[in-house]
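> The residues making up each chain are set out below.
Protein chains: 2
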Amino acid sequence: MSTETILITGSAGFLGSLVSISSASDDAGHPIRLLLTDVAEPNAPPNSQAKTLKVDLTDPGQIRQLFETAFGVPDTIYCMHGIMSRGAEDNFDLGLKINVDSVVSLLQAAREYGTRASKVIKFVFTSSLAVYGGPLPKIVTPSTIAIPQSAYGMEKLTCELYINEFTRRGFVDGRICRLPTIVVRPGPPAAATSSFLSAIIREPLSGQRATCPIGNSRDSPELNLAVWLASPATTIQNLVLIRTIPAHKFLPHTRVVCLPGFTVTIRDMLDALERIAGSQTLEMIDFKDDETNRRIVLSWPATFDSEYAMGLGLKLDLDGMDRVILDFMAMTKKQ
Amino acid sequence: MSTETILITGSAGFLGSLVSISSASDDAGHPIRLLLTDVAEPNAPPNSQAKTLKVDLTDPGQIRQLFETAFGVPDTIYCMHGIMSRGAEDNFDLGLKINVDSVVSLLQAAREYGTRASKVIKFVFTSSLAVYGGPLPKIVTPSTIAIPQSAYGMEKLTCELYINEFTRRGFVDGRICRLPTIVVRPGPPAAATSSFLSAIIREPLSGQRATCPIGNSRDSPELNLAVWLASPATTIQNLVLIRTIPAHKFLPHTRVVCLPGFTVTIRDMLDALERIAGSQTLEMIDFKDDETNRRIVLSWPATFDSEYAMGLGLKLDLDGMDRVILDFMAMTKKQ
Numbered sequence: 001m002s003t004e005t006i007l008i009t010g011s012a013g014f015l016g017s018l019v020s021i022s023s024a025s026d027d028a029g030h031p032i033r034l035l036l037t038d039v040a041e042p043n044a045p046p047n048s049q050a051k052t053l054k055v056d057l058t059d060p061g062q063i064r065q066l067f068e069t070a071f072g073v074p075d076t077i078y079c080m081h082g083i084m085s086r087g088a089e090d091n092f093d094l095g096l097k098i099n100v101d102s103v104v105s106l107l108q109a110a111r112e113y114g115t116r117a118s119k120v121i122k123f124v125f126t127s128s129l130a131v132y133g134g135p136l137p138k139i140v141t142p143s144t145i146a147i148p149q150s151a152y153g154m155e156k157l158t159c160e161l162y163i164n165e166f167t168r169r170g171f172v173d174g175r176i177c178r179l180p181t182i183v184v185r186p187g188p189p190a191a192a193t194s195s196f197l198s199a200i201i202r203e204p205l206s207g208q209r210a211t212c213p214i215g216n217s218r219d220s221p222e223l224n225l226a227v228w229l230a231s232p233a234t235t236i237q238n239l240v241l242i243r244t245i246p247a248h249k250f251l252p253h254t255r256v257v258c259l260p261g262f263t264v265t266i267r268d269m270l271d272a273l274e275r276i277a278g279s280q281t282l283e284m285i286d287f288k289d290d291e292t293n294r295r296i297v298l299s300w301p302a303t304f305d306s307e308y309a310m311g312l313g314l315k316l317d318l319d320g321m322d323r324v325i326l327d328f329m330a331m332t333k334k335q
Numbered sequence: 001m002s003t004e005t006i007l008i009t010g011s012a013g014f015l016g017s018l019v020s021i022s023s024a025s026d027d028a029g030h031p032i033r034l035l036l037t038d039v040a041e042p043n044a045p046p047n048s049q050a051k052t053l054k055v056d057l058t059d060p061g062q063i064r065q066l067f068e069t070a071f072g073v074p075d076t077i078y079c080m081h082g083i084m085s086r087g088a089e090d091n092f093d094l095g096l097k098i099n100v101d102s103v104v105s106l107l108q109a110a111r112e113y114g115t116r117a118s119k120v121i122k123f124v125f126t127s128s129l130a131v132y133g134g135p136l137p138k139i140v141t142p143s144t145i146a147i148p149q150s151a152y153g154m155e156k157l158t159c160e161l162y163i164n165e166f167t168r169r170g171f172v173d174g175r176i177c178r179l180p181t182i183v184v185r186p187g188p189p190a191a192a193t194s195s196f197l198s199a200i201i202r203e204p205l206s207g208q209r210a211t212c213p214i215g216n217s218r219d220s221p222e223l224n225l226a227v228w229l230a231s232p233a234t235t236i237q238n239l240v241l242i243r244t245i246p247a248h249k250f251l252p253h254t255r256v257v258c259l260p261g262f263t264v265t266i267r268d269m270l271d272a273l274e275r276i277a278g279s280q281t282l283e284m285i286d287f288k289d290d291e292t293n294r295r296i297v298l299s300w301p302a303t304f305d306s307e308y309a310m311g312l313g314l315k316l317d318l319d320g321m322d323r324v325i326l327d328f329m330a331m332t333k334k335q
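These protein sequence lines map, in sequence, to chains A and B. Note that the first sequence ends on residue 335 in full-length UniProt numbering; no numbers are left out. Note that the second sequence ends on residue 335 in full-length UniProt numbering; no numbers are left out.
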């Protein structure tokens, strides 16, 4: 019987709910105790040993509740709450409050309750490639400088600094995952600049029109713009795996890990969709070049050296865009 | 008649008081209005147009007083207060409060009062080479990643992220100076790992014994350890200059500037002292290798590419250690 307790913030969100489901039991099938929290009360995965709590993490007093349940002090925290990129850009002060201040409060609580319970809590944090900006090398490595050009990127990087320092001092055992763009996200479009990357696959497959803001036609040279992607399944697998990696395997001076991904151009994505779903599906896409959107996407790094992440045992989408689309179709059919 | 107002925090400190003196008038000799603040009431430079205020910057309410004096909303803020490196390492929570939280509060106040007065306040910040850590290239450039390995370094880098983002959004006009180690500092030893670099020059020159924590004798190979230094005079000159650089001259994606310095080994420093003050002066130094101190100093970058900083018009100590020692002797004689 596992006595492990995992706290997941933002667990009503897309990735948060998938991590909740995947963390509901250990390798041997024993249930893991889940503390699931969000601004709205999240759902517990079926057959799970879960407590769900509606908590406002911008209030340090409410954060303390998470450490005082009958499940005791959690062994691992998945810190996955936050406002998305476009939301943080548009609501600057709210972004700082939710994407930085509440994470620092959570870290301080993890330090305090961890010390009291004589354990070093694992602190898994979802960061983003939005931390990068300015001139970048062709391939991003663990020694590439991150100079954010957005509120979201700056907020994620600030949290990374706190988590690294709290880890260095032994207050928590941090694991920072910089995520690729996740494709295909189900559901309605999210408040993220990257949300069209899911929409141009998801909408046509369900017979709905979608707008591609890169290029003005299927032949447009702008479609050669490359992006760095990972599937939801592989990302969740990696987020679950990273909790189990022994601390000494990480680099000694940082807990930042860029999760593995793969590079495709927008044209590659459309070609894959055509191969799988036929050319009539492609006709559901309107092309309307949005220079601002293109500029932002172009500022993101499109290729990373994943050697370090793979050396830690993290996984890669092996079959590129075709497999991502097929998996998405299988998942939506199942629901 | 200048109507410029400059606010200087930490102005009772060593660099803060020197910047206050150098900022008391403009190039034409007209007085500049100074708002000088520190935890203890600072001194005003002689013949200056200055208001001195004792303010606790950890209290956002007290910060507002600085923007509501008869001098009006300041045009430039020199944010120079803080706990030194060793102090921040030993008093972690106080370090976060003073070295991060109070800077963010000051930035928010600068944004608010600047907006109200329809001006973008220049925000000059003194950062440090302590932001660097982990494996480093032989020569640090503007694209070298900073991975702090100390509370102080992490705190400085966090403030840099805020200042860059506040600048990107047009809330303030940030200028971030990463300082080399400043040698020779006058006065009693400071709570910094680097303080011995001043003490091994300053103490022997005044006939007092000093301890060099690198190497066990004058012939020790450990003395070949290299450090990155700048004189107080050149540093102050650069801190004054950086306020006058037009905003468009900075890199578009970051306001971080590593101030120019020069590389010397500990042995070079002692050789210079011997040349200038004679071998009997060297006998005032006891060697007692402190492995921890040596490890920390060794983790700092010792050589930077100053091309960008020099291109901005910033100044370099041209005559190395000998000139630094002679200038220090001249300064102490004058007092």
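Be careful, since some hints might not be right.
A pair counts as met if it fits within one copy or between any two copies, since identical chains are not told apart.
Stated by the list, open to error - Derived pair list, reagent style SDA-like, types lysine to any residue, alpha-carbon separation capped at 25 Å: (1) K54 / L298; (2) K249 / S48; (3) K97 / E112; (4) K249 / G134; (5) K138 / A226.
Hints were generated in silico from the structure; no laboratory data involved. Keep in mind it's a predicted model, so treat the numbers as computed, not measured.
> Now, for every hint given, state plainly whether the structure supports it.
Quick rundown of the hints versus the structure:
no.: 1; hint: K54 / L298; in the structure: neither (38 Å within a copy, 49 Å between copies)
no.: 2; hint: K249 / S48; in the structure: neither (31 Å within a copy, 58 Å between copies)
no.: 3; hint: K97 / E112; in the structure: both (21 Å within a copy, 17 Å between copies)
no.: 4; hint: K249 / G134; in the structure: between (31 Å within a copy, 16 Å between copies)
no.: 5; hint: K138 / A226; in the structure: within (11 Å within a copy, 33 Å between copies)
In the structure shown, a violation is registered for the earlier hints numbered 1, 2, in ascending order.
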